[in-house]
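J.: Below are the chains, spelled out letter by letter.
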Amino acid sequence: MPEPSILLCGPAAQTEESAASLDLLRQVGLPNAVKYLVTTGKFDSEGAAKTVNVEGDYPADTAYLQTLLRWAEIRDLHDPRFRDGYDLYCLRRIIARFKGSDYAVLLRNGATAFERQWPKLQKSIRGRLFQTFGRSTAARGQVPGKNLIVDLKDERCADFLDAAWELYATGAVYGINEYSLDFALGTALDALRVERMLRQAAERASPVSATGTQQAADVTVLVSLTS
Amino acid sequence: MTGDALSSQMLGWRKLLRSRPDLVAAVEEEWSRWTVSQREQVPDVSKPQVVIVAQLSCPADLTAHIGLVQLLALRSIRCAVVLAFATEELALIAAGQARREPWYGLVKISGPCERPELLNRLPADSPLVVFTGPAILRRDCLETMFVTKNLARLLSQNEDEVESSDDPVFLWGSGFFGRAGDYAHTEAVKAPSRKKESAGASQLLALDVTELGLCRNPPAAAPRNQWPKRTTTVQLANSDEEAVDIPRVQGGDEFVIRFNRNPLPSTVIERRSARLCATDEPLKIRLPGEMLTPAPKLLRLETYNPSGRVVGTNLLVRVPASQLQPWMLSAFLNRGGGGNPVIRAFAQGTGCRLAYAEDEPETLSEIPVVWGVLRDSDRILAQAKARLMYFFYIDHAYFDRGHGKSYRITRNRYEAGPIRKCPRDRIASLDVEVRPWQKSGREIIVCPPTDYFMAAHNCADWLQTTLDALAQFTERPIIVREKPRPGETAVPLKTALKTAHALVTHSSNVAIEAACLGTPVFVNPASAAAPIGETDLSKIEMPAYPDRDPWLAHVAYNQFSIDEIREGIAWQLLLELEEREFA
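Chains A and B, in that order, give the protein sequences.
Heads up: the first sequence begins at 10 in the working numbering, then just goes up one per residue.
Heads up: the second sequence begins at 33 in the working numbering, then just goes up one per residue.
To be clear, the hints were calculated from the coordinates, so they are not data collected in a lab.
Ideal Cβ positions, reconstructed from N, Cα and C, are used throughout, including at glycine.
Honestly, I wouldn't trust all of these hints.
Said to hold, decoys possible - Pairwise CB distance ranges, derived in the manner of DEER restraints:
#1 Arg202/A x Ala327/B: 54 to 60 Å
#2 Ala122/A x Glu120/B: 33 to 39 Å
#3 Glu60/B x Gln23/A: 36 to 42 Å
#4 Lys129/A x Tyr484/B: 56 to 62 Å
Claimed, not checked - In silico negatives: residues of chain B with every beta carbon more than 10 Å from chain A:
#5 Glu61
#6 Thr311
#7 Pro455
#8 Ser461
#9 Trp469
#10 Ala501
#11 Glu573
Just chain A, same shape as in the assembly (with noise of 0.2 Å):
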């Protein structure tokens, strides 16, 4: 069986992190790791990584988060619901510039524990969609955020990705009392779950399928998310 390829995005939010996060990638030696470096200008990344500037297309998106964390009162850059936001952007951006791989990594820390713990996460996302691993994020300050790894295989990632980055995009991560990124992205699962159920039970209300026990499955999982 080949090896999995795995897209490897090492984010970089100012210019001076580029070298901490290109240290990152290149502590990285898994085959069939793609290392991508997202940085905001040039950089030479001396052919350790594909080097991607983020803002070269002067994108809205990065601008408005800015805008979120500022309108919230809040100066630091490291308040985790904006470098998450910004750290998931970059990760999307090249997920959807570069296709093709089986995983997406957002490698923000320890990246010798990510190689050894590799197999195990391998094994353990199966069915999970994502999984965050590495050091926490729920405290502010320079600390870097968790690492999260997405099975681009699983064929609700799209759908997913879409719910986290609106969550970050419209400001509803300043609404999450104690925000983490697994609580976020949690919450995304959770909106596409919501979703599925609301759509299967309206599909169903047909006249001839309408059945009570049917009904009453679906009522159960919706009254447990609005109580």
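Given the coordinates of chain A, assemble chain B onto it according to the supplied hints.
T.: Same frame as chain A, but now just chain B:
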């Protein structure tokens, strides 16, 4: 429902609604219709006022909130809308986003701290609707409750009676309908019955827009103003970080603040239910873009009493330049050019909105902060000038120039402007070489602006006009010195000025350098060097040799290092500069 659960619920709901664009369009249309009526019509106090609290996970939920617009569509009631957010930070974000929305000023945005206070403030018999998440209401039930004027009967019922009614209010979703006093005694909103949920969910994608009661009321016509006779003029000069205080008038159950354009139809800029306001506090409003001007604006605050009595007062509202707040600003990036790092630093330092100039719509909602005059910066500036708004302009500094070093920031002009009395500390730290005035020079050096500059400042024939004027008043040799292009070599300015009688330019920084090196300058009145130079070419044989120290101190207070800009020091110094006396 907790804020955390609401996020997934609302996101899933919004995603589902994307398969019903007609429904979303109908909701948006109803919002728009309600907004227009709120902006243009005086309150009809004969209609009962219903306070509607909608809990949202983010402002994007608004156009997915069908139940809310179903109530707004009812013309038999007056709706006071409260958008409730789970955290204070999210409420601040909503307030920022709302500035670009047509419903800005027409709804109350609240965070978790203020919300209990708001609800406690409501009279016990005040009609109250609370949406705890997405909801669709039964149209027939709404008709019964509101259109057929059964509101009083509804409010007299206790919750159990409503719950057991044959006409449950909620087709889908959950919430509270009743008296504010009853809500206050309810610890938590009851979850809807399974039967109702099931019926709603199964019908969601098959709902007809007309079944919801939307899109059936014709748009309201704008009436002429009915101005009350009694007025009081109030000078306003207060502001705090989040809003501007408006002194309130007493009485009435609804406040309306609008531009005073009597007798022309005027626009309502803010509407507030008196039931949601503390009786002893001023009204706090976030002024719209149109009011962010150096000139005062005349507003009118009115209260509408249920008896039909209207009490009004005129307010002369002026926002002094020294009291501008970060929420009043938008810093504009450009798609290209070299100014983006300093614009980002400015936004970081002040905490203001950051956006691309190219994406900004025609109507500005905030005071613009731009770099240079290219790539839509000029369009933004033209809008600000046309509306007589404040604006900030950022460009290369006078001293310590270069990207990543220092930049000048000026307000409502491109250059430093009239001299204000400033300390010498900043100019001293720049270590600028100032030579004595040279009074025995021979030739005149003319430095024309770049083509870009001339196009942007509408002075395409500046060089020819200047040469023609000089020919009238002097026979001295004239040297035209074009700005060296990148890679070109030119005689250094210092060398060229050694034997110069004067330097003539529009508003180039070369005039600053020349003045410091002791060469008299003739410039456009807009130039930063105008205060120590001449602006009249007929005086070319009689240059001015003023004391340059006050001017240099002032100029140094108009430019800042990139670190000062990023750390917010520049913004504080700019506000302080506005308070300094003119020299």
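J.: Each hint: holds or not?
T.: Consistency of the hints with the structure:
The hinted window of 54 to 60 Å between Arg202/A and Ala327/B holds, with their beta carbons roughly 55 Å apart. Look at Ala122/A against Glu120/B: about 37 Å separates their beta carbons, and that is inside 33 to 39 Å. Taken as a hint, the range 36 to 42 Å holds for the pair Glu60/B and Gln23/A, whose Cβ atoms sit roughly 38 Å apart. Take Lys129/A and Tyr484/B: their Cβ atoms lie about 59 Å apart, and the range 56 to 62 Å holds.
The claim that Glu61/B lies off the interface holds: its Cβ sits roughly 22 Å from the closest Cβ of chain A, which is beyond the 10 Å cut-off. In this structure Thr311/B is separated from chain A by more than 10 Å, as the shortest Cβ-Cβ distance comes to about 28 Å. The claim that Pro455/B lies off the interface holds: its Cβ sits roughly 28 Å from the closest Cβ of chain A, which is beyond the 10 Å cut-off. Remark: the non-interface label on Ser461/B is consistent with the geometry, its nearest Cβ contact in chain A lying 26 Å away (cut-off 10 Å).
Remark: the non-interface label on Trp469/B is consistent with the geometry, its nearest Cβ contact in chain A lying 45 Å away (cut-off 10 Å). Annotated as non-interface, Ala501/B keeps its C-beta farther than 10 Å from every C-beta of chain A; the closest such distance is 43 Å. Separation of Glu573/B from chain A is adequate, the least Cβ-Cβ distance of about 51 Å exceeding the 10 Å criterion.
Violated hints: none; the structure is consistent with every hint.
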